[in-house]
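Trainee: Sequence:
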Amino acid sequence: MARLKAFDETRALDAAVDCFWLRGYEATSVRDLADAMGIGGTSLYNAYGDKRALFSRSLQRYAERSMRERIARLEANHRPKEAIRAFLAEIIDRSLKDPDRKGCLLVNSALDVAPHDAEIGKVVGGYLDELRAFFRRNIEAARAAGQVARTIDAEETSGHLLGVLAGIRVLARTGAKRKLLEAVARPALDLLEGRR
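Counted from 1, the sequence shown has number 175 at position 175 by the UniProt record's numbering; the numbering is strictly sequential.
A couple of the hints might just be wrong.
[Stated by the list, open to error] The calculated lysine-lysine pairs, modelled on DSSO-like cross-linking and capped at a C-alpha distance of 30 Å, are:
#1 102 / 51
#2 177 / 97
#3 81 / 177
#4 122 / 179
#5 179 / 97
#6 81 / 97
#7 179 / 81
#8 51 / 81
#9 179 / 102
#10 102 / 81
[As the list claims (entries may be wrong)] FRET-style restraints, in silico, Cβ to Cβ:
#11 50 / 186: 24 to 34 Å
#12 194 / 38: 23 to 33 Å
#13 60 / 30: 18 to 28 Å
#14 178 / 152: 24 to 34 Å
#15 94 / 60: 14 to 24 Å
#16 151 / 10: 20 to 30 Å
Treat the hints as calculated values from the structure; they're not laboratory data.
We put the CB at the ideal spot given by N, CA and C, even for glycine.
Hey, can you work out the whole structure from these sequences and the hints?
Mentor: Structure, rendered in structure tokens:
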């Protein structure tokens, strides 16, 4: 019979997410992770393998508790065009309320880790594809419902919105104010209104 883990895995994984998110992959040591997670280094290796494997699990946990939760909630509570608007508004609000200006773990990882690790790059790319799919799905639904012009190209516009989202997250890390972040989002949202 396998030995039961002697720690709360959800809490420990959330702590690992927060540690990687605050410090970045390279600057986070195994000791930092073990301390944050409240477990010993041996337990960390036994449970997760190594730092890189724990980082992959942390990205998955971040995607579940942040990105996927937000997408599901907004799609359940808003019409398609409003879901997109609410998504960007929430990202701006969260970015400005974060005293550490951590940005987005996925965007940070795309910039810092993916260029040096093809496998992690694919993982991060998959999560970014989920974000683009959210935008595309809602543009298509808004088009079908007559909320946006039928001439809007869902594929092209969803890619544009993903780029806007990444830009907002990067700018927020530099201390950008609300006025700038909203100005970055506005032209993309104007596309949904048929304005250029």
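Trainee: Among the hints numbered above, which are violated by the structure, and what are their numbers in rising order?
Mentor: 4, 8, 11, 12 and 16
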